[in-house]
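Chains as they are written, first to last, in the working numbering: chain A, 1 to 140; chain B, 1 to 140; chain C, 1 to 140; chain D, 1 to 140.
Honestly, the hints are just simulated from the structure, not real lab data. Keep in mind that the hints are not guaranteed to be accurate.
For chains that are exact copies, the list does not tell them apart, and a pair is met inside one copy or across any two.
[Claimed, not checked] For lysine to any residue, the following SDA-like pairs were computed, each having C-alpha atoms within a straight-line distance of at most 25 Å:
id, residue 1, residue 2
1, K65, E31
2, K48, G19
3, K65, A49
4, K65, S105
5, K65, D16
6, K95, G84
7, K48, G124
8, K95, D14
9, K95, C8
10, K65, R117
What you are looking at is a predicted structure, and each value in this text was computed from that prediction instead of being measured.
Number of protein chains: 4
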Amino acid sequence: MSRHLYACPLRWSDMDAFGHVNNVVFLRYLEEARIDFTFTTAGEVGEKAFSEGSVVARHEIDYLKPLVYRPEPIMIETWLTRLGHASFTVSYEVKDAETLYVRASTVVVPYDLAAARPRRLTAGERAFLAEYLEAVPVAA
Amino acid sequence: MSRHLYACPLRWSDMDAFGHVNNVVFLRYLEEARIDFTFTTAGEVGEKAFSEGSVVARHEIDYLKPLVYRPEPIMIETWLTRLGHASFTVSYEVKDAETLYVRASTVVVPYDLAAARPRRLTAGERAFLAEYLEAVPVAA
Amino acid sequence: MSRHLYACPLRWSDMDAFGHVNNVVFLRYLEEARIDFTFTTAGEVGEKAFSEGSVVARHEIDYLKPLVYRPEPIMIETWLTRLGHASFTVSYEVKDAETLYVRASTVVVPYDLAAARPRRLTAGERAFLAEYLEAVPVAA
Amino acid sequence: MSRHLYACPLRWSDMDAFGHVNNVVFLRYLEEARIDFTFTTAGEVGEKAFSEGSVVARHEIDYLKPLVYRPEPIMIETWLTRLGHASFTVSYEVKDAETLYVRASTVVVPYDLAAARPRRLTAGERAFLAEYLEAVPVAA
Numbered sequence: 001m002s003r004h005l006y007a008c009p010l011r012w013s014d015m016d017a018f019g020h021v022n023n024v025v026f027l028r029y030l031e032e033a034r035i036d037f038t039f040t041t042a043g044e045v046g047e048k049a050f051s052e053g054s055v056v057a058r059h060e061i062d063y064l065k066p067l068v069y070r071p072e073p074i075m076i077e078t079w080l081t082r083l084g085h086a087s088f089t090v091s092y093e094v095k096d097a098e099t100l101y102v103r104a105s106t107v108v109v110p111y112d113l114a115a116a117r118p119r120r121l122t123a124g125e126r127a128f129l130a131e132y133l134e135a136v137p138v139a140a
Numbered sequence: 001m002s003r004h005l006y007a008c009p010l011r012w013s014d015m016d017a018f019g020h021v022n023n024v025v026f027l028r029y030l031e032e033a034r035i036d037f038t039f040t041t042a043g044e045v046g047e048k049a050f051s052e053g054s055v056v057a058r059h060e061i062d063y064l065k066p067l068v069y070r071p072e073p074i075m076i077e078t079w080l081t082r083l084g085h086a087s088f089t090v091s092y093e094v095k096d097a098e099t100l101y102v103r104a105s106t107v108v109v110p111y112d113l114a115a116a117r118p119r120r121l122t123a124g125e126r127a128f129l130a131e132y133l134e135a136v137p138v139a140a
Numbered sequence: 001m002s003r004h005l006y007a008c009p010l011r012w013s014d015m016d017a018f019g020h021v022n023n024v025v026f027l028r029y030l031e032e033a034r035i036d037f038t039f040t041t042a043g044e045v046g047e048k049a050f051s052e053g054s055v056v057a058r059h060e061i062d063y064l065k066p067l068v069y070r071p072e073p074i075m076i077e078t079w080l081t082r083l084g085h086a087s088f089t090v091s092y093e094v095k096d097a098e099t100l101y102v103r104a105s106t107v108v109v110p111y112d113l114a115a116a117r118p119r120r121l122t123a124g125e126r127a128f129l130a131e132y133l134e135a136v137p138v139a140a
Numbered sequence: 001m002s003r004h005l006y007a008c009p010l011r012w013s014d015m016d017a018f019g020h021v022n023n024v025v026f027l028r029y030l031e032e033a034r035i036d037f038t039f040t041t042a043g044e045v046g047e048k049a050f051s052e053g054s055v056v057a058r059h060e061i062d063y064l065k066p067l068v069y070r071p072e073p074i075m076i077e078t079w080l081t082r083l084g085h086a087s088f089t090v091s092y093e094v095k096d097a098e099t100l101y102v103r104a105s106t107v108v109v110p111y112d113l114a115a116a117r118p119r120r121l122t123a124g125e126r127a128f129l130a131e132y133l134e135a136v137p138v139a140a
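Can you make the complete structure from the sequences, with help from the hints?
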């Protein structure tokens, strides 16, 4: 059992006119963490299909502390809280050494772009994802 | 009792490399609907303080159908499902005549930017918001 | 001879932490004006190929006045200052009734996405574009 | 005489529906390089005022090769090609070991946000910037 770690670089323009990283931009950070997890890390072990199509079915996100731009990246920990046959749920914490900024979760659905419809997870994908699962799997 | 309607213009760049409006961008559309509701519409009846500071505490969002760029705007209906003393919850439907694309809700907290902390809703703000409330109010 | 007019909606998030519409976002506005011109307007007279692939080879942009978010759109006037055989240059003014905010120009190259290379303009495309040309054409 | 180097991280969402990093996003990359140069690097030698206000007066940008998302950053070299008394021009190359993607330049104007007007460069700022100057200075 392990968690995926992603050091997420900020951009100055992630701040809005109120001088904080905009709430919408945190969803962008979560996307980058998922890309690093399901495209790059999964691709390194031979599971490349997520990068050819996957869609988000649902997000839940709680904002705990405001964040201001700085050159240092923030850390995003990602793990699975559900592993179904046609979808899975990733959970995240966005933080640095002192502060937890955001808790969130996303339901991801593998998608066949050519056929324009959801598809089931392959056995290889499930084996890759299962290593990050921290809760009892529930069928989708 | 009424709902706030916002005709939200799309941008071609809202689509990602998969050729659909990116999931994160829908949160941007919701922000625009909230700005139109709590900055512009509230401002027209004399309640200007939201535009001087308000933060998002939580989002929930369900993606029902994919959306592709087109010149015509999409409609966003916004109403309240909770009205507390220091926060309120808005719910949304993003749709056009044929299709419901997204359902979502957001917990909004009025914020004093100068003092850098949340503040309570004023009586005037609560009166403005109460007209859009479709559920029993619960204290925050 | 005519100019293409586009009423460009702003988004509150177009502002940066300095409280003005960010300089990069004006390029996004220009893109929207070009999309409206070369995808939508050209598509209405049967020229649909620009929307299947076109790339930007160069921008020049001068910022004359700062712009702050408001609900009203800004106007973008677009016309051609050069019409070549494999590229053309559009010029723009971003303004409202009182103020000229930005002057810019862009070199656009029609692009064959499948073949991954530039292509020449068709006779139909040149006829469409020629109506907006305000300067002597120069071969690309 | 030296050049400022910035390793610019890409985001998957920087690509548009044509599957390349969108032309507008390169201006965002240039902004990040300038922030790193004029906010972070200048700040480390005690020149903090750029981060309290500076505006872009002009961009020129040439797109030489298309770029597709990858986890590795691209390199941005930044140096000065003009150092005036109230503005300066930075030039950039966006590249990796094999490819030069973009050449660009930007006229930057220090700005007093509180007074809402341009200001002159201080002696300290000019000394910092002069180390990066590769052409004969011309008064603004």
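Status of the hints after comparison with the structure:
1. K65 / E31: Cα proximity of K65 and E31: in one copy and across copies (20 Å, 19 Å).
2. K48 / G19: Between. Shortest inter-copy distance 17 Å satisfies the 25 Å Cα cut-off; intra-copy 38 Å does not.
3. K65 / A49: between (35 Å within a copy, 21 Å between copies)
4. K65 / S105: both (17 Å within a copy, 20 Å between copies)
5. K65 / D16: Answer is both; intra-copy 15 Å and inter-copy 20 Å each pass.
6. K95 / G84: Result: close neither inside a copy nor across copies, 28 Å intra and 29 Å inter.
7. K48 / G124: Close inside one copy (10 Å), not across copies (42 Å); limit 25 Å.
8. K95 / D14: The answer is both: 16 Å in one copy and 24 Å across copies each meet 25 Å.
9. K95 / C8: both (10 Å within a copy, 22 Å between copies)
10. K65 / R117: Close across copies (11 Å), not inside one copy (38 Å); limit 25 Å.
The structure fails to meet hint 6 from the earlier list, while all remaining hints are met.
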